[in-house]
Amino acid sequence: GPKVLQIPSHQIIDMGQMVTLNCDPVSNHLYFYWYKQILGQQMEFLVNFYNGKVMEKSKLFKDQFSVERPDGSYFTLKIQPTALEDSAVYFCASSFGSNQAPLFGEGTRLSVL
Amino acid sequence: GDSVTQTEGQVALSEEDFLTIHCNYSASGYPALFWYVQYPGEGPQFLFRASRDKEKGSSRGFEATYDKGTTSFHLRKASVQESDSAVYYCALGASSGSWQLIFGSGTQLTVMP
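Protein chains in written order, with my numbering: chain Z, 1013 to 1125; chain V, 143 to 255.
By construction, these hints were calculated from the structure, which means they are not laboratory data.
No experiment lies behind these values; they were computed from the predicted model shown.
Think of the CB as a built atom: it goes at the ideal place given N, C-alpha and C, for glycine as much as any other residue.
Take these hints with a grain of salt, some might be off.
Said to hold, decoys possible - Across the chosen pairs, the derived CB separations fall in these ranges:
hint : chain 1 : residue 1 : chain 2 : residue 2 : range
1    : V       : 250       : Z       : 1090      : 30 to 36 Å
2    : Z       : 1076      : V       : 164       : 33 to 39 Å
3    : Z       : 1022      : V       : 156       : 43 to 49 Å
4    : V       : 145       : Z       : 1052      : 16 to 22 Å
5    : Z       : 1020      : V       : 250       : 25 to 31 Å
6    : V       : 196       : Z       : 1110      : 20 to 26 Å
7    : V       : 171       : Z       : 1021      : 36 to 42 Å
8    : Z       : 1112      : V       : 250       : 34 to 40 Å
Start from the sequences and build out the full structure, keeping to the hints where you can.
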């Protein structure tokens, strides 16, 4: 079936550096999401994105975070600069319609040292 | 704010046992309720959802009924298999043009042969 792909599966960076997490959503999907899961905790919503714009964001979506999907390519989450508390697994998801349950990728584990 | 509570952090059963995982929610309005399952190293997979009182969702032998009176959406399966071992997440979504899902803390199900 259709899959959401996330690249890379694991990224290690030093605190203060910039990182970009890439998501290749299902090709005909229109709504895109990022969720964050700290080890041992539940998944938490960060942001959703439609028609080139952020629709909703949570308080976890700090000023250092940004998302974009230039020219229908990867849907990206950029963190600049990173902080230790950004260490987590970040899940990308997409859906065709707003009334469709999001399909999740396998996650990118981000380790900030 | 809206929230989801999963009572059991871990459940251990033998094959062919009956499964119940409890999920209660607190929300303003009339949220949709979801169950997702997450296998090790993978992203959450959508099981099913229900959007109105008394609606039953089901998939792969799992089922849950939306109960607005008791604000619950308990997951049940009549006869579990070892392959059902995974983490199960209850979630609620209040569509405001897009799905911002609020997840419970998850229940680790371990089924022994």
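Right, here's what the structure says about each hint:
Checking the proposed 30 to 36 Å range against residue 250 of chain V and residue 1090 of chain Z shows it holds: the Cβ atoms sit about 33 Å from each other. A hinted range of 33 to 39 Å for the beta carbons of residue 1076 of chain Z and residue 164 of chain V is consistent with their spacing of about 38 Å. Look at residue 1022 of chain Z against residue 156 of chain V: about 35 Å separates their beta carbons, and that is not inside 43 to 49 Å. Distance hint for residue 145 of chain V and residue 1052 of chain Z: a CB-CB separation of about 18 Å, consistent with the stated range 16 to 22 Å.
The given range of 25 to 31 Å is respected by residue 1020 of chain Z and residue 250 of chain V, whose C-beta atoms sit roughly 27 Å from each other. Judged by the Cβ atoms, the range 20 to 26 Å given for residue 196 of chain V and residue 1110 of chain Z holds: they are separated by roughly 24 Å. Our hint of 36 to 42 Å for residue 171 of chain V and residue 1021 of chain Z holds, since their Cβ atoms are close to 37 Å apart. In this structure the hint that residue 1112 of chain Z and residue 250 of chain V lie 34 to 40 Å apart at CB is violated, the actual value being about 28 Å.
In summary, the structure is inconsistent with hints 3, 8 from the numbered list given earlier, while agreeing with the others.
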